[in-house]
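Chain A is already provided as a structure; the job is to place chain B on it using the hints.
There are 2 protein chains.
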Amino acid sequence: MTDSSISSITRRQFISIAAAATAAAALPAGDFALGQSSTDAVPQAASSHAGLDPDWTDAGIIATRNSPYAKLKSVPVRAVTITPGFWSKRRQTNVESSIPSMRVELIDHGRMDNFLRLEGKSAAPQRGPVYSDSDIYKWVEAVGFALQSGPLPELRAPTEEMIRQVVAAQEPSGYLNTYYVESRQSDRMLAKTQTTGHELYCIGHLLQGGIAYYRATGDPTLLDAGVRFVDNFLLPGYGPAANQGPIVAGHPEIEMSLIELYRTTGNKRYLDLAGYILQGDPRIPLLERQIVYMFCGVPFTSRTKLEGHAVRAMYACCGATDYYLETGDPAYWKTLNRLWDDLSEHQLYVTGGVGARSDGEAFGNAYELPNERAYGESCAAIGNMMWNWRMLSASGEAKFTDVMERALYNGINSGMSLDGKLYCYRNPLAYDPSSGDKIRNPWYDTTCCPPNLERTFASLPGYFYSTSPEGVYVHFYDNSEMHWQLENGAKLTLTQTTQYPWEGTVHLAVTPASPEEFTLFVRIPGWSKRNTVKVNGREVAGIMPGQYLPLKRKWSAGDAVELTFDMEPQALHANLAVTDDRGRIAFQRGPIVYCMEQLDQAVAATDTEGFPRYTAQLAGTKATPYQPALLEGVVVLEHPGAWLPPEQSALYQAALPSRQAAHETTLRLIPYYAWSNRQPSAMQVWIPYRQA
Amino acid sequence: MTDSSISSITRRQFISIAAAATAAAALPAGDFALGQSSTDAVPQAASSHAGLDPDWTDAGIIATRNSPYAKLKSVPVRAVTITPGFWSKRRQTNVESSIPSMRVELIDHGRMDNFLRLEGKSAAPQRGPVYSDSDIYKWVEAVGFALQSGPLPELRAPTEEMIRQVVAAQEPSGYLNTYYVESRQSDRMLAKTQTTGHELYCIGHLLQGGIAYYRATGDPTLLDAGVRFVDNFLLPGYGPAANQGPIVAGHPEIEMSLIELYRTTGNKRYLDLAGYILQGDPRIPLLERQIVYMFCGVPFTSRTKLEGHAVRAMYACCGATDYYLETGDPAYWKTLNRLWDDLSEHQLYVTGGVGARSDGEAFGNAYELPNERAYGESCAAIGNMMWNWRMLSASGEAKFTDVMERALYNGINSGMSLDGKLYCYRNPLAYDPSSGDKIRNPWYDTTCCPPNLERTFASLPGYFYSTSPEGVYVHFYDNSEMHWQLENGAKLTLTQTTQYPWEGTVHLAVTPASPEEFTLFVRIPGWSKRNTVKVNGREVAGIMPGQYLPLKRKWSAGDAVELTFDMEPQALHANLAVTDDRGRIAFQRGPIVYCMEQLDQAVAATDTEGFPRYTAQLAGTKATPYQPALLEGVVVLEHPGAWLPPEQSALYQAALPSRQAAHETTLRLIPYYAWSNRQPSAMQVWIPYRQA
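Protein chains in written order, with the numbering used here: chain A, 5 to 696; chain B, 5 to 696.
Derived from the structure by calculation, the hints contain no laboratory data.
Quick caveat: nothing in here was measured; it's all calculated off a predicted structure.
Treat the hints with care, as some may be off.
Heads up, the list lumps identical chains together, so a pair's fine if it works in one copy or across two of them.
[What the hints assert, rightly or not] The list that follows gives simulated cross-link-like pairs (lysine to aspartate or glutamate, EDC-like), each with its CA atoms no further than 20 Å apart: (1) K442 x D363; (2) K309 x E292; (3) K309 x D441; (4) K309 x E372; (5) K272 x D423.
Chain A on its own, in the form it takes in the complex (with noise of 0.2 Å):
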């Protein structure tokens, strides 16, 4: 492509640049501070825009106001201002270091240039791997997600530009992808590249990171590129129509981001083309390796476990459940909740991370969960929060819940170091510094993860709360303040006071801007055993742990609702058929589940492999004070134990191991997400123990 595809910018694409602007002046500079309430701040403007949804700053993560098997409704990410506490922190590293290094990455990485040689602006050749736009996009959604807590003018500036110089490669036919151009050209959306080149792929993070950014700011610049290919090339070229090509997702993202264009638009051609995907287009054959890896190709309904590549199962269960969503198909439900119970039962790890091979990046056997050689990726384990979010959406079962919980608290958290500048792309449990692995890094050349992270961090607001005709559910306790509406149009204030994870009290100010009856669903955490709920200091009976408790009574402004969890640290042991866990226990306070790192022990017990050779009691773990000086902040556990010398046996002997020589001690441990944030060290989640 050259210079004449600069000069393709399509009337159409002009009125976006304009409506943006527009949108971006009518922004109260100032009033819109991260950390600050901001809902009546939000203007309603550049609503004009054809086709897009009038109401674009009431939409949450997902847009299920219309959604008509949605038990529960979102809440936009900019009505909850999540103030200090523990994930205030984390948000403000992810928008002040994460988002700002992230887009000096990607561009010294070559990301933009792919763009900007299509337009003539740059000589370099194509850089990284063949899903290299949808970095971009990623990004982009991240920063969508963060103007809508509030005006980023630092970071908007510089995304704003670098979603001209995208759009600006798009090409008049719709097509935008700056792998498949000049000699790979010819190769586009043939079978073969569709099922690994990842052009879906992209386009379904282009309409992810153009929806955010819309929602954010009602510039639909980047939103109008990807309807553009859908509208102009994807819909006309690929369906089931004998004169379309057929279609097949190969890493499934552009389901979900179909559905979420279409609660954008109102157009259901998106939705049935994502429920066309999602039954898989007979026209592609393919290999039983591949329907396995992909999952999808064939009838979604079709699947009875999870398994191939971790991301790809994880949104194609996302975009299922969007499916389900809009469509009610008893099928899905019946598919998808056979498929959740495949994973809680068997697939998940303790940290809430999924997928435990690296050969394929995979889900393996039911059971196979290694620890040092995990390897949770980071996607998988948001894409397992998001695919929860939505089953929570459809249900409103806490179960859903906890699983986001567990995932968010440690398996996602663990993904980004504490400064926000270093990345996991695998999250193992067990940790050998011998091994040589660099688990955090700045950079990957496939990084899908980092703004993964940081789309997900940015977007925390939104998954605190939601509506339905009943009241409103309260799902993740943290400081925060939610200014919303019951489904009535009701206004509601929510103020959330807590030192939550590291505390249980959780004292919750409801306040109605006038007397009102409905249902507060406070969500009790599985793992909590002993609770208690005061209403105005009353106890209210039937609390069950793993559900939502409902509380239906007149609300006034100053009613005070208290929730006490169960701060008790808790030995956890496997099921005995996960082979990797067998006679070990892993320690979880909260929601917060521990490791044990080799630096943190008075004696440095290690075998030849640089693991810490200890074995703990199966009782009497304590918390310590809240340390704020350490990790940012932390509650460590104190856990009596034993350290070994060096194992002598035989690898093999016809006696059971004889009990060497134990020498006790008292095992420190720290919140996993927190690992390797100091120098390398033995890390492991999951200790030996011993009886006493």
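For chain B alone, coordinates are given in the frame of chain A:
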């Protein structure tokens, strides 16, 4: 290459062919059938060939006769006849079924067309991976070893045709490789080709095949081609001198074959080149991961642990031990022992298999020995046996023979189906048929393992005995006759009569040609805790498991030794550091490791993944009488256990998993090597135990 190559056959080659014809004619047909003693019948012909070992009929698997640091000297394959018993059936199947059917597979898959095309005799394009030539050479080596046990004209004629076709493809320069021709000719011996292209690996196998065939028949046709490659192409072009190019093995194999060529010709330049390759050529810069994966390219003596590609590592250790046997370099011996300790303490499956990871076909970390996911490539177990044979030759220590026996009876023997027509590439220690994995196959496009198994079974008689200045060593037990001589030249016959490995008694008739004082070193297996040894009915004291028992006396014809080993079934425990085997036991009786196949159990108790849900008591195993009709004749083990209803407990819980209601049953176990010879069935070696 065109027809001109056909005319490039050198004068020397014609001489070789003529010499071969002479040798073949000299073989007294019919006196040399498999299963018959043959030493006296072997002609001492064809020894006039320039430079080649005149005592070609006396060389063993490795020709250590003149190796200054070989404490033990090999006994020729042809000096030992394995008579009907455990191995004879296997070897008969090998010669009658495996080797002939593999020839058809090789030809059907274009492996000979690759040569014929270069001679203008085939229009087929190149087929098979870069190392395809080696399949032919290893198959020829299998035939060469088979012919050392007797004439097999139906095998010999087609083999000589194949050898002629191979040699005819050799270029005048000596270069021979059917992959790096035509458009790929310019890639020959580039640094990147040496690291990945297997050129020297193929030549190494050509040399081993040529040597085995020469030692069988006196026909040096193939060997000559190897010598021409080395003399005319390799030695002048590659080595440390300024006018030579750099060299790296890429896949170790050339080292041990160059040293065997040195032993066969006396030309020390081959040994020196092997030493240079083992040292690593600093002019080829390698990435750390290449150094790990290839197990070559840096000084062998800098290695501290086994890592990387398992077959590469084992072959490198073979070459390094061969180098030690010729040079006595103490740094090599130190490294070899350190690596062997790593093998036996951390890396060895109970089956004798090595190489835990499918990813990179590689060694894992210490104690990383997964069962279902075990790679345990057949070639790696064979390489393990080959290396231990060399370590045994250097030291005379029985710990090496113990590892050989473990590998041979289990992890190697499992690699070929009982009918000899299917092969394992992987040898896992647990199997779930619902995985769909096909473990035994007639053909692999990377078909290294099948001919490797064939050459191993064909060479087996050569592993039974060694000599030392003190006398003779007995390594393996099976019905057999040795007709050989002490190192002082005194003729000696040893005859074994036994039901080993099913029963523990071995009768050894010692028949020197005339009364002679020497030491008979009989191996006491490491697994045999209680032993008796009688010489002419009188018990001997001082028996130590895992050592050679020296029986020094003046031996006369009619002397009889009776060995009785401990055939009590053993329940083995793995070191606690092997997480995959925690809380599990494996069963062994004599040298045979057992496994449990679902189809032998009275109760079809499986969980959702198809694995038997059984537990075993810690003790109480009983051996059944020999069952001739089952799996070509085996002893079955019966062990008290229980079956469990499907696992109901959660994936993670805060209490010890409850003991489920168990239903008593008797577990039936079969030898591991015989698994997967009936219908597909779940299998496991390591069975969870519960204490009574």
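Point to revise | Within, between, both or neither: K309, E372 at alpha-carbon 20 Å | key: The answer is within: 14 Å in one copy meets 20 Å, while 27 Å across copies does not.
Review point. When no copy is named, should K309 and D441 be tagged within, between, both, or neither for a Cα gap of at most 20 Å?
Key: between (31 Å within a copy, 17 Å between copies)
Review point. Between the shortest in-copy and the shortest cross-copy C-alpha distance, which are at most 20 Å for K272 and D423: within, between, both, or neither?
Key: Answer is neither: 43 Å inside a copy and 61 Å across each miss the 20 Å cutoff.
Check your understanding: Are the CA atoms of K442 and D363 at most 20 Å apart within a copy, between copies, both, or neither?
Key -> both (18 Å within a copy, 18 Å between copies)
Check your understanding: What label fits K309 with E292 when the C-alpha limit is 20 Å: within, between, both, or neither?
Key -> within (14 Å within a copy, 39 Å between copies)
When the structure is compared with the earlier hints, a violation turns up for hint 5 alone.
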